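Since chain R is already given, all that's left is putting chains U, S and F on it; use the hints.
Next come the chains, spelled out residue by residue.
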Amino acid sequence: MTLLAPLAAAGFGLAMIGAALMALRARSTAVAVLAAGLVSLFASVLFLILAAPDVAMTEAAIGSGLTTFLFFYVLGRIRREGYDDD
Amino acid sequence: MVSAIFIIAAGLGAAFLLGLLKEDQKASAFAITVAALGFMSWVAYDWAVALTTGRAAPVDILTAGAEPPFAINLRMGVAEAWLATVIGVTGLVSAFYLRPALMRLGRRAMAVLLVMTMALTGLVLTRDIFNLFVFFELVVIATGGLVLLSDDERAVAAGFKYLVVSQIISLLLLIGIIFTYHANGSLNIDDIAATPMMFTGAGLAIFLVLIALMLELKPFPANGWALDIYEAAHPGFAAIFSAASGTAALYAADKIFAAAGPDWLPLATVLGLLSFLGSGVLALKQTNDRRLLGYSSIGQIGFVLAVVGQRDILGESYLYIAGGILITHAVAKAGLYWLSGLVKGRGLDDWAVLRANPLLVFAFASFVAMLVGLPPFPGFYAKWDLMHALAGSDRLVVLGLILLGALIEAGYMFRWFGYALKREVREAFPGFATDKTAVVLVALAAGWALGFVWGAASANPNLLTALPILFALAFLVLEPLPAWAKNILAIAGLVGWFVWRYPGYDPLQMIFAVVMILGGAVILLASFYEKGRRIGFYPPTMLMYAGLALLIEAQTSFEFFAAWEVLTIGSYFLILRGRMGEPHALSYILFSLGGAFAILAGFAVASMGVQPFALDNLKALAEAAVPSAPWVFVLLAVGFMTKTASIGLHIWLPGAHAEAETDVSPMVSGILLKAGLFGLFILLMNMGHQHLWGVDLTEVLVWIGALSAFLGALMAIFQEDAKRLLAYSSISQLGYALFGLALMNHVGWLLAMMFVINHYIYKSMLFLAVGGVYKRTHTKLMYKMGGLITLMPFTFVSVLVGIIAMSGVPPLSGFGGRWLFYNAIMASDLRLPMVLIFMSGPIAFLYLFRLIHTIFLGQLKDEHRRLKEAPFWLVVPQMIFVLALLAFAVLPGMALQKVDGYIGSFFGDEPLIWSGRAITSTFGHWNPVAIMGVIGVVFVTVLALLLWMNHNAQKVKQFNIVFSAERPFKPQTTHFAWNFFAPYRKAMGFLVMPLVTTFWGAITDSLHSTADFTRRFYTGNGQTYAVQVLFFVVATYLIAMGGAS
Amino acid sequence: MTTKFTTRSFVALVLLALLGVAFWTLAAGYTPDAELNRTAAYYAENTARETGAQNIVTAIIVTYRGLDTLGEVTVLFLTAAIVALVLGQSKAPRGGSGSGFLPSGELLQTGTKMLLPIIMLFGAYVFVNGHLTPGGGFQGGAILASGILLLLLAEPKRRFGHALISRVESVSGLVYVLIGIAGIVLAGGFLDNRILPLGTFGALLSAGAIPLIYTLIGLKVGAEFSSILESLEETEDA
Amino acid sequence: MLPTIAMATGFALILMGLYGALTHRNILRMILGFTIASTGVNVVLVSVGYMPGRTAPIMDSAVPVADAAARVIDPVPQALVLTAIVIGLGVTALMLAYAYRLFRIRHSLDISKFTELKW
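These protein sequence lines map, in sequence, to chains R, U, S and F.
Counted from 1, the first sequence has number 29 at position 29 by our numbering; the numbering is strictly sequential.
Counted from 1, the second sequence has number 862 at position 776 by our numbering; the numbering is strictly sequential.
Counted from 1, the third sequence has number 1312 at position 181 by our numbering; the numbering is strictly sequential.
Counted from 1, the fourth sequence has number 1388 at position 19 by our numbering; the numbering is strictly sequential.
Any given hint could be a false lead.
What the hints assert, rightly or not - Once the Cα atoms are required to be at most 30 Å apart in a straight line, the calculated DSBU-like pairs of lysine-lysine come out as:
{"#": "1", "chain 1": "U", "residue 1": "K984", "chain 2": "U", "residue 2": "K870"}
{"#": "2", "chain 1": "U", "residue 1": "K947", "chain 2": "U", "residue 2": "K617"}
{"#": "3", "chain 1": "F", "residue 1": "K1487", "chain 2": "U", "residue 2": "K371"}
{"#": "4", "chain 1": "F", "residue 1": "K1482", "chain 2": "U", "residue 2": "K430"}
{"#": "5", "chain 1": "U", "residue 1": "K522", "chain 2": "F", "residue 2": "K1487"}
{"#": "6", "chain 1": "U", "residue 1": "K861", "chain 2": "U", "residue 2": "K954"}
{"#": "7", "chain 1": "U", "residue 1": "K508", "chain 2": "U", "residue 2": "K522"}
{"#": "8", "chain 1": "F", "residue 1": "K1482", "chain 2": "U", "residue 2": "K371"}
Hints in this document: simulated from the structure, not taken from any laboratory.
Predicted model, so just to flag it, every value in this text is computed and none were measured.
Chain R extracted, bound-state conformation (with noise of 0.2 Å):
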C-alpha cells in the first residue's frame, strides 16, 4: 500500500511528461493544445493521489476543461481568417 502510491504518482508523473513533450514537440497546435489539456488532466489525477481533491476538481475543470477549449476558441477564429498553422 506505502509502495502503490509512489508507484503510481511515479507513473502518472511520466505520463504527463510525456505528454508534455507531445505538446512541445506536435506538429500541429491543435494536437499540441490536446496534450498539454492531457498533461492538466494527469495531473489532476496526481492531485488526487496527493491527498488534495479541491485541487484535483478545480485542475480538471479549469486547467484541462476550460483552457483547453479557450485555446481552440482562439484558434478557431484565427483558423477561419485564413491561417495555417503547419
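For chains U, S and F alone, coordinates are given in the frame of chain R:
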C-alpha cells in the same frame, strides 16, 4: 478614520457596480469611477495626515476575524498611507486625463482602472506574501488591459511582451513563496522576518521571491518589455505605470527585503545601482520622449532600490530618504508623462511647442529639477542625508556611483529641457487641452507642496522659508508685470537685503556682499533697456542672487551647499536664455552639477555623517590630520574650481558667457564666478596646506592658477568674437585670483581679494560695453567693426578705462593688483609658475588692445554710419563702473585696509603698512595718487604728440584692394584685424589646441557609443526579452551564490 | 512544426539547466514535515470551531484567506472585461460560424437540451456543498460555464442574455463585497463568515456565510467564464 | 518518496514548459508552454504540502475534529494552488485574446515579427 480595508472594498465594489450599468451610460460610469477613486484617495490621505501628525497610530487591519498569520492582515503605517495616497491620487488624476479614452472604451475600461488602483494599494498594504502575489497578478492583468487604451497599435505587442515576462515572474514568485512557507510555517511577512535566512535552502526560496519582485522593478538590463510599454502606452497610463506601479512594486520589494534580513541588502544595492547607471547611459541615446522617460523611471527606481540596500545604516531616516526620492519621482514622472500627452510629436525637440505656455515650461523645469534632486524638492534633502549616511558608514563606492548616476540623468534631462526651450517649433501649435493642462498643474503643485513638507521635516533649514528664495519665487507670480516694474522690485530687493544684512558681515563677507549683492543691483540697471514683460528672466536671475546671498551667510555645510545649488540653477536658466545658449547651458549645468556633487561628497566625507556640520569644522578636520582630510580638500577644491572655470574645467565658460544676453554676461562673469572664489577662500582659510602622497595640494592649485592665467590669456588673443575674448580673459583673470589664493600668504590673499573687486568692475563694464556695441552693430565679430569711437564715445571711454584697469598698467587699480601681485610672488618660493604668470601679463595686453584697436579705431564700416550711442540704460552702469574704478584706483585702502587686517588675523603678520594713501611693503611702496598724477602728465603729452603727427593721414576705402582682377572669396579676410595674431598662432598655436575639449568630448562620445552598442540587445523580440529575464535571474543567482560561499 | 535546434534553443537549454540546478537545490533541501506547522495546525484545530466548515481548504479559501479569493474572483472579472475589450476592438470578419472545429449537429443540440439542466444542477450542488465536501465556488462555477459552453457549441447562432450574465456577475460581486463589509460590522473583520450562525457542524446550512459566499463565487465565476467564452465566440454578425 | 516524485515531475514540467515558451516562435505555442509550466508549478505547490500517511484536509466521520491535527495534511498549499489555478486561467485567457489581436494586426503568429518597438 475610515478603515483602510474600505480602499479595497470601494475599488472592487465600484468596479462590480459598473457592470450593472448599461453600455451607453458612460457618463454615470465615469462619475462612479471618479467618486470611488476620490474616496480611495481621501481615505489614504486622511490616514497619511493623521499618522504623520501623530493623531493616529499605525494599525494592523485584520480580516476574517482571525489573527495573523492565520488570516491575511493589512497594515496602515506612515509609509503605507503616503504611498497609498500617491497611488490613489495618480489613479484619480489619470482618470480625468484618460477621460476621452475611457469614454470611448466604456465601463469595462473604467472597471479595469479601478481594479488597477485598488490592487496597487493592496500591494502596498498587505502583510501576506501570497496575498502580495494575488495583488501582483491583478496588477499584471490590469496593466494588460490598460495598455490597450493607447491608439498606438504597437501597444498590443508591447502588452504581450509584458505578459510573457510576467508569466516568468509569477512562476518564480510562486515557487519562492511555497518554499518560504515550508521553511517558516507562515506566509506572514512579519513571521518571515523573525527567522533570518541564509543563502542556501530556505534562502534560495526567499531569493526567488526577491528576484521576482525585483524583476517587477524592470531592472536593467532585463527590461526591454517595460520600455516598450512606456513608449507605446497612452501617456495617462504610462503615468500610472511609472508613478503608481513603480512605487507599489518598490514598496513590495522593500517589505520582503526587510523581512529577508540584512544579508540580502547587497543584492538590492548592486542591482539598484546597475539599473540606475545602466538605464541612465542608455537614455542618452534615446530620441523618443516617452522611451526616454521610461529609462529614467527605471533608473530612478533602481536608485531607490539601491537606497533600500542601505536601509541597515539609514535607521530612522530611511523613510525620509527613500520616501523622498520615491515620491518625488512619482510626482515628477507622472507630470512628465502627462505633459507628453500635450505634445504631438514624439521627438525630444517636439517639446519646443510647450513654449506657447510659460506655465508648462515652468512645470517642465520643475519636474526635471525634481528628478535630478535639485532644491527645493524632496529629492534634494533626501540625497543630502543619504550621502551623509553613506559617508558616515564608509560606503564611498556607493556614494560615488549614485552621484555619477545622478549626473548622467541630469545630462539627458537638461539636454532635453534645452531642446524644449531653444529648438524651433516645427509644427503649427495645436493648442493645449485645458483638462490635460490642469492635470499637469496638479502634479506641479503637488511637487512644490512636497518640497515644502520635506523641507519642514528636514533636520536642516527649510529652503522654502528662506526669504531670498521666496523673494525670487515671488517673481514667478509677478511675471505679468512689465519688465521695468519687476526690475525696480529686483533692485530694491537686492539693495534692501544688503542694507539689512551688512552690519553682521565680517570683512570677507562684506567684500563679497558688495560685489554680489550691490554689484548685482548695479548690473540690473542695464536691464531697464529691455521692453515688454521679459518672461522668464527675473525668476532665475533672482534665484541666482538668492543663492549668492545665502552663500555668503552660510554657516553650515548644508546651507552652503543648498545656496550653491540654488545659484547654479538660477544661473543655468539665465545662460540658457542666450541666443545660441543651448549647448553651452548644458555643459555649464553638467560641469556645475559635477562640481556640486564633488562638493556634496566632500562635505559628506568631512562630516563623517554627522549633521549639522559647521563650515568652521573643516579647520578642526585639518588640525586633527584626519586621513580623509586631503580628500575632502581635493573634492571641495575641484567643486569650487568648476565655478571659477580653472583650466581643465573651463570648457563651459566661453560659450556660456559669450552667448548670454547683454545684461546677463556681466552677471555670470562679473558675479557668478566669484562664488567659486568665495568657496576657495573658505576652504583655504580653514584647511590650509594639505598633503596627499607628499604633494602640497596648495602647490597644485598654484600651478592650476598659473596655467589658467597663461592659457586663458593665450586663447583669448585668437578670438574674433569680442564677447568670447572677454570670456577667455575671465578664465585667465580667475587664474590669477586662484594663484594668489593658493600662494597661502598674506599678500597673495589680498591680491585675490582685489581681483574679486577689480574683475567684477572691469569685466562687467566691458561686457556691457561690448553688449552695447552688439546691440547696435548686431555682430560680435570684431573685424566687422571699426571706427566706432566717434559714434559711441561713452562706450569707448568705458572700454578704454576697462582695459587699462585690466591690463595692469598704471594708473588704474589693475596696477595696484599687479603691484600686490609681484609682492606676493616675491614672498613665495614657487618660481616656475611665476614665470607663467609674468608672461600672461603682456599676453593680456595683446588681446585687450584689440578691443580698442579693432572696434573703436580704424575706419567706420559703411553700414555703421548711422549708429547711435549704446542704449542709455546700458551706459549708466558703465559710467558708474568708470567712477568706481577711478575711486578704487586712488583709494584702494578704502576697501582693502580692513580686509588686510582680517587676513592678517589668519597669517599673524602685517607685511603691508598703510600710511595715508600710500602702501609700503618690504619690496617697495605704492602711492596711487602720485602715480595717477605722473601717468596723467605722460598720457596728455603723448596724446598731444600723436594728434599733431596724425593731422594729415589719408583715408582709403575698406576692402578696396585689387587682387589682379580676382574677387576675394571672403572679403573680410582682407580686413586688417582678421586673424590679427596669425604669426603668434603659428608660433604658439600648439598651446591652445583644444585638448581639454577633446578630452571631455571623448568621455561623452564613449558614453554615447556604449549606449548605442548596449541598446542593440533590446531587439524588440518578446521571446528574446524572456530569455534575457531568465539570464538575469540565473546570472544573479550564480553571482549571489558565489558571493555567499 | 519542427523545432529547429538554433542558438536560441541552446541558450535556453543552458539557462534552463542552470535554473534546474536551483530547483534541484530546492528539492534536495526539502523534507516533508512530520507534524503540521503552526499555521496548518491552527487551521486543523480551529476550523471547525471558528468557521463550522468541514472542508478545511474551503474554510481557508472563503474565510481565512478570503481576501485572496476576492482578488482571485477579481482576476476573472478583470480578464472577462479585458477580453471583451480586446475582442470588442477587433471583431472577427463575417462568415463561418460556431467555433470552426466542432460540428454542431442535431444530436448535439438535443443532447445539450437534456444535459443542460443536469449540468447546472450539478454545478450548484458543487458550490453549495463546498464547506462539506471537495469542491466549491470555482469548480462549481466552471461546471456552470461548461453548460454555457455546450449551449454555445450546440447553437452558435443563438445569443443569450449578455446582459443577464453581466448582471449576475456584477450583483454577485457586489453582494460579495457587501458581505465582506458586513463582517467588519457584525463580526470580527472583513469577510468574517460569522455574520450568520455557524449552525450544526456538517449540515448543509452551516458554517456561517461560507455557503452563501461560495454560491456567490460560483455564480460569479460561472458568469465570468461564460462571458470570456462568449467574447471569444462572438463574431461581427452578433 | 511520493512528494519527491511529484515535485520532480513538477519541476520537470516547469522547465519543459519554459523551454517551449522560449523556443517556439508561434505565439500560441508560447502560451501553451506557459500553461504547462504553470501546471508544473501547481504540482510543486501541492507536493510541498503533502505529508506521508495523512489524509485530505476534510473532517468527516473518518477524521473527527479532535484528531484532525494529527490526521490531515497541510491544507494551506492546496488553498494557494486553487487560487493559482484560477489566476493562471485568467492570464492565459488574456494572453490568448492578445494573441488574437496580434494576429489581426500582422496576420501572423510569429513573435519575431512584432518588433517595431525596440532600442
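Original post:
So which of those numbered hints doesn't the model satisfy?
Top reply: 1
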